[in-house]
Amino acid sequence: MTRYGMVIDLDRCMGCRACMEACKVENSTPPASFFMYVFRLEEGEYPSARVSFLPRPCMHCDNAPCVKVCPVGARYKREDGIVATDWDRCIGCRYCEVACPYGVNTFNWMDPRENAYLDWDDEDVAAVSGGAVPPYRNPALDEPYGPEQRRIAGGGHVRGVMEKCTFCVHRVEDGLDPACVQTCPVRALTFGDLDDPGSAVSRALAGRHGFRLLEEVGTEPRVHYVGGAPPGPEAREVEEPVAEV
Amino acid sequence: MATTVRTLPTERGRGGRSWYPVVAILLLVLGVGIYGYLQELSEGMVATGLRNLGPQGGATWGLYISFVIYFVGLSFAGISIAALIRLARLDTLRPIARMAEVLTVICLMLAAMTIVADLGQPLRGIVNLFRYARPQSPFFGTFTMVISGYLFASMVYLYLEGRRDAAVRAAQGAPYARFLRVWAAGYADTEAERERHRRTSFWLSVAIVPMLVTAHSTLGFVFGLQVGRPGWYSALQAPAFVMLAGVSGLGMLIVLAAIARRTLRLPERLGPGLFRSLGLFLFLLLLAYLYFVAVELLTNVYTGSVREREVMAELLGGGYAWLYWSAIAGFVASVALLLGWLVLARLRGSLWPLVVAGLLVNLGAVAKRFLIVVPSQTNGQLLPYSEGSYAPAWTEYAVVAGLLALGALLFLGFAKVFPIIPLPDHKDAARREP
Numbered sequence: 053m054t055r056y057g058m059v060i061d062l063d064r065c066m067g068c069r070a071c072m073e074a075c076k077v078e079n080s081t082p083p084a085s086f087f088m089y090v091f092r093l094e095e096g097e098y099p100s101a102r103v104s105f106l107p108r109p110c111m112h113c114d115n116a117p118c119v120k121v122c123p124v125g126a127r128y129k130r131e132d133g134i135v136a137t138d139w140d141r142c143i144g145c146r147y148c149e150v151a152c153p154y155g156v157n158t159f160n161w162m163d164p165r166e167n168a169y170l171d172w173d174d175e176d177v178a179a180v181s182g183g184a185v186p187p188y189r190n191p192a193l194d195e196p197y198g199p200e201q202r203r204i205a206g207g208g209h210v211r212g213v214m215e216k217c218t219f220c221v222h223r224v225e226d227g228l229d230p231a232c233v234q235t236c237p238v239r240a241l242t243f244g245d246l247d248d249p250g251s252a253v254s255r256a257l258a259g260r261h262g263f264r265l266l267e268e269v270g271t272e273p274r275v276h277y278v279g280g281a282p283p284g285p286e287a288r289e290v291e292e293p294v295a296e297v
Numbered sequence: 551m552a553t554t555v556r557t558l559p560t561e562r563g564r565g566g567r568s569w570y571p572v573v574a575i576l577l578l579v580l581g582v583g584i585y586g587y588l589q590e591l592s593e594g595m596v597a598t599g600l601r602n603l604g605p606q607g608g609a610t611w612g613l614y615i616s617f618v619i620y621f622v623g624l625s626f627a628g629i630s631i632a633a634l635i636r637l638a639r640l641d642t643l644r645p646i647a648r649m650a651e652v653l654t655v656i657c658l659m660l661a662a663m664t665i666v667a668d669l670g671q672p673l674r675g676i677v678n679l680f681r682y683a684r685p686q687s688p689f690f691g692t693f694t695m696v697i698s699g700y701l702f703a704s705m706v707y708l709y710l711e712g713r714r715d716a717a718v719r720a721a722q723g724a725p726y727a728r729f730l731r732v733w734a735a736g737y738a739d740t741e742a743e744r745e746r747h748r749r750t751s752f753w754l755s756v757a758i759v760p761m762l763v764t765a766h767s768t769l770g771f772v773f774g775l776q777v778g779r780p781g782w783y784s785a786l787q788a789p790a791f792v793m794l795a796g797v798s799g800l801g802m803l804i805v806l807a808a809i810a811r812r813t814l815r816l817p818e819r820l821g822p823g824l825f826r827s828l829g830l831f832l833f834l835l836l837l838a839y840l841y842f843v844a845v846e847l848l849t850n851v852y853t854g855s856v857r858e859r860e861v862m863a864e865l866l867g868g869g870y871a872w873l874y875w876s877a878i879a880g881f882v883a884s885v886a887l888l889l890g891w892l893v894l895a896r897l898r899g900s901l902w903p904l905v906v907a908g909l910l911v912n913l914g915a916v917a918k919r920f921l922i923v924v925p926s927q928t929n930g931q932l933l934p935y936s937e938g939s940y941a942p943a944w945t946e947y948a949v950v951a952g953l954l955a956l957g958a959l960l961f962l963g964f965a966k967v968f969p970i971i972p973l974p975d976h977k978d979a980a981r982r983e984p
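These protein sequence lines are chains A and B, in that order.
The numbering used here numbers the first residue of the first sequence as 53 and each following residue consecutively.
The numbering used here numbers the first residue of the second sequence as 551 and each following residue consecutively.
It should be emphasised that the hints constitute simulated quantities derived from the structure, not laboratory data.
We treat Cβ as the ideally placed atom computed from N, Cα and C, and that holds for glycine.
Please note: incorrect hints may appear among the correct ones.
[Unchecked claim] Stretches of chain B that chain A covers, calculated by requiring three or more beta carbons in the stretch to come under 8 Å of a beta carbon on chain A:
no., stretch
1, 589-600
2, 603-616
3, 704-714
4, 923-935
[What the hints assert, rightly or not] Simulated restraints, written as ranges between beta carbons of each label pair:
no., chain 1, residue 1, chain 2, residue 2, range
5, A, Gly284, B, Ile878, 26 to 36 Å
6, B, Val677, A, Glu291, 52 to 62 Å
7, B, Leu866, A, Asn115, 31 to 41 Å
8, A, Asn115, B, Thr849, 24 to 34 Å
9, A, Asp114, B, Thr849, 25 to 35 Å
10, B, Ala883, A, Glu291, 38 to 48 Å
11, A, Glu94, B, Trp872, 23 to 33 Å
Go ahead and model the full structure; you've got the sequences and the hints to work with.
Put into C-alpha cells, the structure is as follows:
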C-alpha cells in the first residue's frame, strides 16, 4: 500500500525559497497564495541571534483536522494519504482553514487574474514565449483523479472555494516528484512512499533523528523533518510578508 | 375584560405615527445591505476585509461569523423563555411569550442568511450542506439542530400559540382578516380544542427546552473542538456560549418589552412584576456568565500555553484591549444597573436602568463574539507566522446592518398584522372578575 510522505532536511535548507517559486509556477496559484511556504526565522537577540529556515508544505495529516470538520466532505483523504480538496463540492465556508494548525489553506477570494504575474499578451513576451499556454490555468488539474475519481487540486482556481498543497498529485500520478522537490537545489526535500523501505524518502529518514511539526496536537503529519530542531517559542519571522490579494 | 380589549392593538396602524418613518429608514438600511452583498457577489469575497490565515496575515472568519453566533444566541433565549413560561407556568411573563417566539424565528432566519453571506459559494452551499451532510463536522449541528430543527419547532410553537388569537381577532373583524382566518384554520375556541392545544404545546415545550442547551452548545463546539486554535480549544466554550446567549436574548427581550409597553400603551399587562422577573433573571445569568469569563481569564493567564497566553495578552493589553475592556465594562455596568434597579425602590419607578442594561449586554455580547472569533486567528497561530490583522470592510458592515434592519422590519410587520402581545385568555378574565 502506497503511503506518500515527505522528508525535509533542515540541515540542508538555506532558505532560498526556490520551492515556493516552483510551486507557484507549477500550480499557478493566485497572488499571495502559497501552497508551499518557507519560514525565515530568527531567535534571540544580537549577538546571540540565530537564523533558521523551515519549509512548510501541507502536512497531509493522517488525523487531519480539516477533513474532520468539512461539513460537506469536500476535503478528503485519498487511499495513498494525500489530503485533497474536491473544489467542485466545496462551499467556501473556510472551516478547514480555521481548523488547520499549520495555516496551509488558501481561499480564492476572487476570480483568477489571467495575467497576474506577466502580461502574456504583451508583444515582447509573446516573442519569447513561443506560443506556450499561459500558466494561469493548469489543464492537468481540471480532471478527476485516482481510484476515488474526484476532483483534487486547485484546477482553474475557481472563486469562492478552498485550495492547498496537493503534493503535486498530477505529477506524482505520472511518476514524477512534486515541483518543490524537483526544484530544490540542495535536495533538502525528498518525496516518496514511506512504506517502501527502498524509496528515497525512507532512506532519507532511516536512522536519523527527526521530528514532525506540532506533534502534540495529534494530527499525525506525513511530513517529517530531519536535522535541525522545531522552531522555539520565541522564533519570529525575519521579514513581515506584505501580501496583497 | 372590555377595558382590557380596548387597550390592545386592535386597529390597524397601531404603533403610532412614527411607524412609517421608522420603516422607511429601515428599508433604506436594508437597501444599503443588499447593495453591499451584491458587491460581494459580483467581485467575490475580496470585497470583504477577510483574508487567509498565515502568510496572508488575515482572519478568514470575521464579522459575519460573530453575528451568526449573536443571532443564534438571541433566538435561543427567545423560544426557551416562551417554552419555560408554559412549562413552569410563569404567568407574569406570559404577555411577552409571543414576542419571544417571534424574536426566535426572526433571529434564526437572520442567522441562516448571515451564514449564506459568509459562504464563498452560497448557492452550492444551500444544496451541498444537505446533500453531502457529514455528522462528523461540528458545523453539522448548526444547520440541522439549530437552523432547521430549532427554527421548525419555533415556528410550529408560534403557530399553535397564535391560533386562538387569530380566531378571536378574525371574529372581531380586525384588518388582514383573511390572513388571520388562514392562521386560525377553523379554530373555534371550544373547551376540547383548548385542551388539545394546551397538551400539544406542553409537549412541544418539553422538546424545546433541552434543545436550548444542546443546540447552542453545538455552535460552541464549532470553536471549542479546534485543537489548532489557541483561545478556542476549551471545554468551557460550549457552556459559555449558552450562557452568553441567554444574557443577550434576555436583554433584547427586556428592550422589546419596554418598547412595546411604550408604543402599544400597555402599562397594565406589561407591568412591573414582569419586568422585575426579567431583570432578576438577567441579573443571575449575567453573574453566571461573568463567572465563566473570570474562570477563562484565570486559566489562560495562569497556565495557558505560550500561544494561549499570547492571544490573552492581545486581548488584555494589545490591539483588542479597547474592545475587550469595553465589553467587560458594559457587563459590569449592567450588573450594577440591574442590582440597583432590583434593590433600590427609588430607581424602580423608571424602566430606563433596565433598558440600558439590556442594550449594554447586547453590545457586550456582539463584542465578545467578535473577540472569540477573530484574535485566535490573527494572533493564535501555532507556527511562528507574523501577527495578522483584520478590519471589517464596509460591505460587511453594510450586510450586517441590512440584516439587523430586516429583522426589525419583520418584527414591525408582524406586530402590525398580529397581536404581538397575546390577547388575555379565559384565565386572565377569570382572575380579574373573581
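Just pull the numbers of the violated hints for me, sorted ascending. Failing hints, ascending: 3, 6.
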